[in-house]
Amino acid sequence: MDIQALNSQIDSDIANVNSPEALEELRVRYLGRKGVLAQLTNSIPTLPPQERGSFGQQVNALKNTLLSLFNEKQKSLATPAHESGKAPCDINMPGIAQELGRLHPITQIIDEICAIFNRMGFSVVEGPEIETEYNNFTGLNISLEHPSRDAFDTFYLKDYDKLLLRSHTSPVQVRAMKSRKPPLAIVVPGRVYRPDAVDASHLFMFHQIEGFMVDENITFADLKGVLEVFAKAVFGQDIKMRFRPHFFPFTEPSAEVDISCIICKGRGCSVCGRKGWLEILGSGMIHPNVFKHVGYDPKKYTGFAFGMGVERIAMLKYGINDIRLFFENDLRFLKQF
Amino acid sequence: MKVTYNWLKDFVAIKITPELLAEKLTMAGLEVTSLDKKLGDFVFEIEITSNRPDWLSVVGIAREVAAITGQKLQSLPKIKSQALGRNPADKACGLKICIEDKKDCPLYTAKIIKGVKVGPSPSWLRDRLELIGCRSVNNIVDITNYILFETGEPLHAFDLDKLSRGEIFIRRAKNNEKIVTIDGGEKTLNQNILVIADKEKPVAVAGVMGGKDTEVTEATTNILLEAAAFNQIAVRQARRSLGLQSESAYRFERGIDLEIVETASQRALKLIQELAGGSCVMAKSSGFPQKKHKSVMLEVCAAHKILGIDIPASKIKIILDSLGFKVKIKAKDRLSVEIPGHRLDINSEIDLIEEIARVFGYENIAKSLPVAKAQINISQTQDKISLVKNILVGLGLNEVITYSLIDREASKSFAQSKDYPLIEILNPLSKEQEVLRPSLASGLARCVAHNLNQKQDYINVFEIAKAFLGSNDLPREELVLGLALSGAKSFLLEQGRIEDKAGPLHLKGMLEVLFQRLGIKDYSFSASQDPLVFSISLNQEKIGVLGKLNKDTLDKFGIKNRDVFMAELYLEKVFASAQLDKKFTPPPRYPGINRDISFILKDDISIKEILDTIKEKGGQLLRDVNIMDYYKGEQIPSGFRGLTISCFYCSDERTLTETEINPAHNLICGLLTERFGAKMR
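So the protein lines, in turn, are chains A and B. Under the numbering used here, the residue at position 306 of the first sequence is numbered 306, and the numbers go up by one with no gaps. Every number in the numbering used here is 1000 more than the matching position in the second sequence, counting from 1.
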C-alpha cells in the first residue's frame, strides 16, 4: 500500500470525525490489532531485504503521525470548551462576521420621510424623469415668459419637442390629480435635474420629495400641522419651526418653512448663516389655477403641497458639508450610514 | 434688494429697532438675509420674490413697513407743473415721441432740461447709493439711480446734444443694427429687441441699458430725461438675447406701476434742478399714465376655507386698507376690493387671501391635523424595489446612486442594448451631461474606479435607477438593477486569513437569491456571442446580462490590473413574474438521510442539466440535491472534472432506512452513468 496515499486519506478521515465514538472506530481501523498499520508492519518481512529498512522507517513515521493526530483530535473532542471552563477564544481577536451592506443615505432619508407621511395616511407615488413642458411648467401655473421661470432652469431633450428632464417633482401633482379624484394624500420621491454649476451645495442632479393633500376642507392650518409632525419626527421634538410667506407659482398662500438651527439651537452659527434658522422646505395651498388645469373645482376642493430637497435634509441631519459626496459613492462614506 | 433704515424713515415713522424690523419683514415675506451697520445707518439686504416688483423700491418696502407696524405711509409729494420751470418759448427743441407699438411701450415721458452742470454728487447722495451697493458716477446719473431705487421706476438720461433733433422713436430694432451699450460692448440687434432710437440709430436698448454714444458725461449741458413703461416680455427677450443685466431691466421684466412714471420723472427733475441746476424747457409724454383699477370680490368664508381660521370682515378691511387697497363691504361677508396700480400681482380672490394671511401673520394661524380619507394606494413597484434593495443589502452589497447624465463616450460601456438611439441633452453645461444613460454600467464603472483609486480591496455595489432609451416616437425609461463587483472579500478566521475572489458566479449567486426570494423559477443563465458576457433570461426572454468588463472599458475608466464584474437586469420584467404569495410547507418531522455520489464527468456536460434531471427522476423521497465538491487536477483525467453530489432523502411518514433509499440511489447512479457518461469513483 502507498504510504503517501494513506497520509492524505487519514487527514481527511480525521477531519470528518466529530464524535469520540467515531474517532475510536477510526483508531481501531488504523491502529488496532488488525488495523492498517499492523498489516503494514506484518508485510515488512515479505519485502526484499534492501527495502525493509526504509519501509520500516516510513511505517514508524506514519505511526507517530497517526498517534499525534489521534491525540490531538481526542483532546479537542473530549474536552469541549464549554465543559473545560477555559476561555473558548482570545476575545481580543477581531470578531468574524459577514459584512453588512448599506442602503445609500439618500434612500435611507427618503424611506424615513415617506414612512412618516405613510403613518399620516399618505401614499407613495412616482412619476417619470422625462417630462412634458406642460406638466413641468404650464400645468403648475408657471408662465414660460415670467421671471418666476428663472428659478427653474431646465435641461431640454434634443430631437424631442417640448420634452425635458423634470426640474422638480411637482409635475407628479399634475399627473396624479389628472388620473385620480380627491381625496388625495400623496408623497412623491424622485430624481430631479437642473443645469446648475457644480459646487459644494449645487449639482445638476438631486432628489426631491413632494407631498400634497387634496380634499374638500384642507386648510393652511392643516399644512402647518402636518409639516410640524414631519419636521419633529426627522429633526427631533424640541426644534422650533416657523412658516415664512414666500412665492411659488403653484401655491398660494405660499410658505417657506424654517426650523431652529440643529447645530446651534437657534443661537446663530456658520451652518445657519448666524440666523439661527435653517430653511428646510417650500409649501403652500395649491393654487386654484393648478386645480383648473387638472379639472378639479377650486370652489369645492382645497389642498396643500410641499416640496423639499432630500440632499439638503440629509446634509443637515448628518452634518455633511459637500453635496458631491452623495454621488461619489466612496464606500468609506456609504458605510457610515 | 438693499434698503437702509434711514431711507425707509423718509416715508414711514419707524419706532422699532432695525433688528426687530428685520424680523418682522422676514415674517411678512420680505426675507432679510443680512443686516449691517454702516455709515451711521443700517443696511437691510432683502430677498424679493419675483411676484412682488412693488417691493423693488424704498417706497414699496416702506408701504409694507407701515402695514406691519401700524404706521402711516407718507406718499411721495406730488409736484405741481408750474414748479417745473417749463419755458414754452424755447421752440428750438420741439420733440415728437413716436411709439411704433403701444403694446411694447404703453407710456413714454421725456423732459428736456437745459443748462445742467454735471459734476460729483453731494455726499448724502453718494453715501445712500453706496450703502445699497450702487457706484456713484455723476450727479445726473446718480439722481436717475436714486429715483430708481426710491420709486422702483427706472429712468434714463441722454445727452441731448448727441441725439439727432426733433424725434424719438420707440421701435423694434432692425436685424443687424448695432449699438455700443454703456458697459462698452458692441451689441448686434435683431427685430425682437425693443430700442429707443433717434432718426438715425438706436440710442438705447429699451428698459435695459443706454448707449455709450449718448451717455451723460462731464461735458454734458443739456439732457433728455426718459421715464417710461416697457413691455415685460420685450425687455426680458432683449436682456436675455443680449446677455445683459441691469437694475432697470430687472424691474421692467417684473412689471412697473404706470402711475409712478410721471411722479418719478418729476422727483428726478426736482433733484436735478437742486443739485445740477438747469431748467426744464419741455415735458412731453405719450401713452396712458394710468389704467383703470381692477376690483376683486372677496368672500370672507373663502378666506376661512383656505386658512382654517376666522378673520372677521372688519379685520380684513383693516389689513387690506393698510396695504393700499380700497375695500368696500358689500354685504355681511362680501368685500369689493379695488387694486392699486402698484399691485400687478393681485388678480383674484386667492391673491387677497394670501395678503390677509401674510399681514395677519402665519404664526397666528393655529395648527391642525387633517384626517386622511385618501384611499390607501400602495405603489406596488415601490414596494418591490424596497424588497429587492433589502435582499441585496442582506447579501452585503452597498447601494450607490450615480448620475443619470453622462458623457457620450462613457455610454459605450459594458453590454447595453445597441438597438436604441441615445437621448441627447439640448443644453448641457458640460461634456459630462451630454446624454441620458442607456444603462447603469458607466455610473457603476466610475464608482468602482473611484473606490479602486482609494485602495479599497473589495467593491460590491448595486444601483436601482432608470436607464433611458431613445426611439422615433417617445423616449422610454427602463427601471434597471445594476450590480458591480471587484476585488476579493477576505475574512480573518482563527485559522488565518482566507480570501474569496469575486467573479461572475458571485453575481449569479446573488441574482439566484434574488429570484428565489421573488418567487421566480423560470430563469436561466447562458453564454452569448461575447465570451465575456452571459445572458440572463426569464421565461425564454432576455432580461439582462452578466459578465466581465472588457479591456477597452477598463481603460476608459482608468482601471488597471483589476477585473470588474457587472450585471444588469430589467426590473419591470422581473417584477411582472414575481410570485410574492407564499404557501406553507411543513418542515420534515422525521430525520432524512444524505447519500453522496462521487464521479467524474466530461467538461462539456452541463451540471445544471444533471441536477435538473436527478430532481425530476429521483422519485418522491428525494428532497434535495446539492453539489458537495467540485475539483479538477492531477487525479482527474484532462477534459473531465470530479464531482461529489449529495442527495437528501426524507419521508413525511417515517424514519427512512438505508435500504429504502437504495432503489432511488441506484436509479440516480444509473442515470449518471448511462445518460451523462459519468464514471463512478
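Read the hints as simulated data drawn from the structure, not as lab findings. Keep in mind that the hints are not guaranteed to be accurate.
In silico DSS-like cross-links for lysine-lysine, where the CA-CA straight-line distance does not exceed 30 Å [stated by the list, open to error]:
hint, chain 1, residue 1, chain 2, residue 2
1, B, Lys1024, A, Lys265
2, A, Lys178, B, Lys1466
3, B, Lys1384, B, Lys1542
4, B, Lys1072, B, Lys1117
5, B, Lys1384, B, Lys1103
6, B, Lys1292, A, Lys265
7, A, Lys300, B, Lys1384
Results of checking the hints against the structure:
Pair hint B/Lys1024 plus A/Lys265 holds up; C-alpha atoms about 21 Å apart against a cutoff of 30 Å. As the CA atoms of A/Lys178 and B/Lys1466 are separated by approximately 24 Å, the hinted pair is consistent with the 30 Å bound. Of the supplied pair hints, the one linking B/Lys1384 and B/Lys1542 holds, its CA atoms being roughly 20 Å apart against a limit of 30 Å. About 37 Å separates the Cα atoms of B/Lys1072 and B/Lys1117, which puts this hinted pair outside 30 Å; it is violated.
In summary, the hint linking B/Lys1384 to B/Lys1103 is not supported, as the alpha carbons are separated by about 56 Å, beyond the 30 Å threshold. For the proposed pair B/Lys1292 and A/Lys265, the alpha carbon gap of about 51 Å is over 30 Å, so the pair is violated. The suggested pairing of A/Lys300 with B/Lys1384 is violated, with an alpha-carbon distance near 36 Å, which exceeds 30 Å.
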